[in-house]
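Q: Turn these sequences into a full structure, and let the hints steer you where they fit.
Here is what each chain is made of, one letter per residue.
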Amino acid sequence: GNSVTQMEGPVTLSEEAFLTINCTYTATGYPSLFWYVQYPGEGLQLLLKATKADDKGSNKGFEATYRKETTSFHLEKGSVQVSDSAVYFCALSQIETSGSRLTFGEGTQLTVNP
Amino acid sequence: DTEVTQTPKHLVMGMTNKKSLKCEQHMGHRAMYWYKQKAKKPPELMFVYSYEKLSINESVPSRFSPECPNSSLLNLHLHALQPEDSALYLCASSQAGTQYFGPGTRLLVL
Chain A
39 GNSVTQMEGP VTLSEEAFLT INCTYTATGY PSLFWYVQYP GEGLQLLLKA TKADDKGSNK
99 GFEATYRKET TSFHLEKGSV QVSDSAVYFC ALSQIETSGS RLTFGEGTQL TVNP
Chain B
2 DTEVTQTPKH LVMGMTNKKS LKCEQHMGHR AMYWYKQKAK KPPELMFVYS YEKLSINESV
62 PSRFSPECPN SSLLNLHLHA LQPEDSALYL CASSQAGTQY FGPGTRLLVL
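Chains as they are written, first to last, in our numbering: chain A, 39 to 152; chain B, 2 to 111.
Quick caveat, the hints were computed from the structure, so don't treat them as lab data. Just so you know, even glycine gets a beta-carbon here, dropped at the ideal spot from N, CA and C. Do not take every clue at face value.
As the list claims (entries may be wrong) - Facing chain A, from chain B, some residues (calculated, C-beta under 8 Å):
| hint | residue |
| --- | --- |
| 1 | P43 |
| 2 | P44 |
| 3 | S51 |
| 4 | F65 |
| 5 | S87 |
| 6 | A88 |
| 7 | G98 |
| 8 | T99 |
| 9 | Q100 |
| 10 | Y101 |
| 11 | G103 |
| 12 | L109 |
A: Right, here's the structure in full:
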């Protein structure tokens, strides 16, 4: 079956530091890959996505590249801010006749200190 | 516009109460989802509706009853819940494999 493995947290960084959150996956076929972000007390927000190999998703300074050869989709940001403190979920999706089924990683808690 | 709305934002209920959660989207998405999320965990899929028909039930107890009155609305009816059902309940809708989530209803069962 499908699975997603994220680097364990929590991750604590200082403002303006470089961020990498590792994500690897196991799937049959050609899944789409996503990063979702969840701020305290809120729902999940789609941060970025990539639908095929070598695609780069980007949003709000975050980037991730779909690497089929290493089955990875690592999240990066060059300079984090305090407002980036949140839980980040890597996920993959495969479309089924009944809709799309998301497989999530366990989530990585990021805290950015001033 | 990629907005999914959910009401209420918070809900406290006793184990004998009946309540409903509501979800709405106006993006024309034909698949809608209910998830349950416990603290510090990823969301767990409960139900999927595709074209207003229930297509996936992840072996959810019958005290949770979903309903899809039309293509924009999704309800979750709650009855005789247990304290362990306290969680954040998230609704989502999808288009071309991308799911968009609502802000959730935080449920506390006393």
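Q: Run the structure past the numbered hints and jot down the numbers of the failing ones, going up.
A: Numbers 4, 5, 6 and 12 - these are the hints that the structure violates, sorted from lowest upward.
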